[in-house]
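Trainee: Numbering (the working numbering) for the first sequence: 51 to 503.
In case anyone wonders, no lab produced these hints; they're calculated from the structure.
Honestly, I wouldn't trust all of these hints.
Claimed, not checked - Cross-link-like lysine-lysine pairs, in silico, DSSO-like; alpha carbons within 27 Å at most:
#1 Lys492 with Lys421
#2 Lys482 with Lys492
#3 Lys299 with Lys315
#4 Lys312 with Lys299
#5 Lys232 with Lys482
#6 Lys312 with Lys232
#7 Lys482 with Lys421
#8 Lys168 with Lys492
#9 Lys425 with Lys168
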Amino acid sequence: MAGQAGRRCSRYRFLPNKGPIRPGACYENRTNHENSSSNQRLGYFVCLHGGANPASQRGRPPPAPPSSQPVSATIPTVSLPFRIQTTEGPARLGRLATPHGEVETPVFMPVGTQATVKGVPQDVLEELGVQILLGNTYHLYLRPGINQVRQLGGLHRFMSWDRAILTDSGGFQVFSLNELRKVTEDGVTFRSHLDGSSHFFSPESAMEAQIGLGADIIMAFDECTEYPADASRVRQSMELTLRWAARSKRHFEDHKHEVPWKETKGTQALFGIVQGGMDPALRRESAERTIELDLPGYAIGGLSVGEPRSLTREIVEATVQHLPAEKPRYLMGVGTPDEIVEYASLGIDMMDCVLPTRAARHGLLFTSEGKVSIKQVRYAADQGALDPNCPCRVCSRYSRAYLRHLYASNEVLAQVLNTIHNLSFYLDTMRKVRHSIGLGRKARSLSEVWSLP
RNA sequence: GCACAGGUGGGUGAGUGGUUAAAGCCGACAGACUGUAAAUCUGUUCCUCCUAGCGAGGUACGGAGGUUCGAAUCCUCCCCUGUGCA
Numbered sequence: 051m052a053g054q055a056g057r058r059c060s061r062y063r064f065l066p067n068k069g070p071i072r073p074g075a076c077y078e079n080r081t082n083h084e085n086s087s088s089n090q091r092l093g094y095f096v097c098l099h100g101g102a103n104p105a106s107q108r109g110r111p112p113p114a115p116p117s118s119q120p121v122s123a124t125i126p127t128v129s130l131p132f133r134i135q136t137t138e139g140p141a142r143l144g145r146l147a148t149p150h151g152e153v154e155t156p157v158f159m160p161v162g163t164q165a166t167v168k169g170v171p172q173d174v175l176e177e178l179g180v181q182i183l184l185g186n187t188y189h190l191y192l193r194p195g196i197n198q199v200r201q202l203g204g205l206h207r208f209m210s211w212d213r214a215i216l217t218d219s220g221g222f223q224v225f226s227l228n229e230l231r232k233v234t235e236d237g238v239t240f241r242s243h244l245d246g247s248s249h250f251f252s253p254e255s256a257m258e259a260q261i262g263l264g265a266d267i268i269m270a271f272d273e274c275t276e277y278p279a280d281a282s283r284v285r286q287s288m289e290l291t292l293r294w295a296a297r298s299k300r301h302f303e304d305h306k307h308e309v310p311w312k313e314t315k316g317t318q319a320l321f322g323i324v325q326g327g328m329d330p331a332l333r334r335e336s337a338e339r340t341i342e343l344d345l346p347g348y349a350i351g352g353l354s355v356g357e358p359r360s361l362t363r364e365i366v367e368a369t370v371q372h373l374p375a376e377k378p379r380y381l382m383g384v385g386t387p388d389e390i391v392e393y394a395s396l397g398i399d400m401m402d403c404v405l406p407t408r409a410a411r412h413g414l415l416f417t418s419e420g421k422v423s424i425k426q427v428r429y430a431a432d433q434g435a436l437d438p439n440c441p442c443r444v445c446s447r448y449s450r451a452y453l454r455h456l457y458a459s460n461e462v463l464a465q466v467l468n469t470i471h472n473l474s475f476y477l478d479t480m481r482k483v484r485h486s487i488g489l490g491r492k493a494r495s496l497s498e499v500w501s502l503p
């Protein structure tokens, strides 16, 4: 029996599996059409609102009203149009047009390493207003395999996610799997954490893999410099990343049309990654030399690797000013709610972090009133909402006592609900940040953001 | 009634004469987590005291006695539990 949507709009129609996934379509009323006997999915019912941004239709609370201020910059780039609507000091409000819908910036991107945001189904992510997800090349390469994903229609189709995706190159695993790797000029030899088998990643193979996955934004293959590291090591690592970035770009340009799906064929955007450790001069040099590659966006990598937070902020500030104002700036791997507000105020457009999802699974919840460790006995009889200021489906329905019980009982629902709340809190926070920039009132702290009307 | 087996800290379960206040696991209580090798990891978990230490006392391996320099560990009796046979 075909699933029935509650209501259908005028442009609702059936899209078979073989058909293209339409970028920018409104999937508000999408349902799966299933053959009950074979249980094989034939396709979807899709409501095709031309050009509508799904996120802007789903967001709750409603997104910031369009700014009346004139567009200050419209710079077409290689393949990723980025329009800055408003700036407020270094902070900017922008729109990134990906082949899978527009992304309003500053944006927080939940991490879905293995083609899933652990514990949360895609329709809930859509409801939360997630505009863009992260995937991980290394993990998907090991399982299920790049070719497998390609044969299944690419990462979007495979995981049934029609909004934007960014894939990390696997460079971070060079850093985090340090026991199982060997770095040479050519690339990195990994030992799989799954079965110990040996694999080789290079800038070229990382590009091929990301072309095969078909994400909207892909990352250059870099080396995330460890902390602490002495000056010569930081320079050597930075130089390696620069050479790898050039190789990444060369290989990508030569092969980008090999993407088998027309939505992203030739329109994938390759971002470069700035390294340089904790040295502002090296950061500047890394930024300037990476920019020479003229890529559609730039990331700041190598932070949140164990250094003190004040240093992170200092390096972000020292780096972001050397990145072109007209292109998106992506700060990789941060942060706490306070930190993402602060980094947005410094001019960062994109951020991702496993913290909200991982901490949620471990019972640590972020609220407008600070951190809540829901496992604590003090919440055992607390009938209040997790966060009385949070409108999410978890806070509006369940008590702290119930959430604690679920956690203490090791129920999977604890992970699901906790993750939904934390993501909702992060996404709301960024929505409020965008709102405040749109109002011409740059918010610098989390409490300031949450006290906005 | 007889014959075996067994009674260990909140639970389970090691330990069969000497760093054993007693392993491990579970539970309980805290803490960590920042481009996810993470439903993970770390710490604490008998009582009292302080100069807070691989500190000092006390209590503790069903109960009561005993052997021994020393007993959760060996012996005696008692209580209780399980299984089998009558």
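Trainee: Could you work out which earlier hints the structure fails to respect and list their numbers in ascending sequence?
Mentor: 5, 6 and 8
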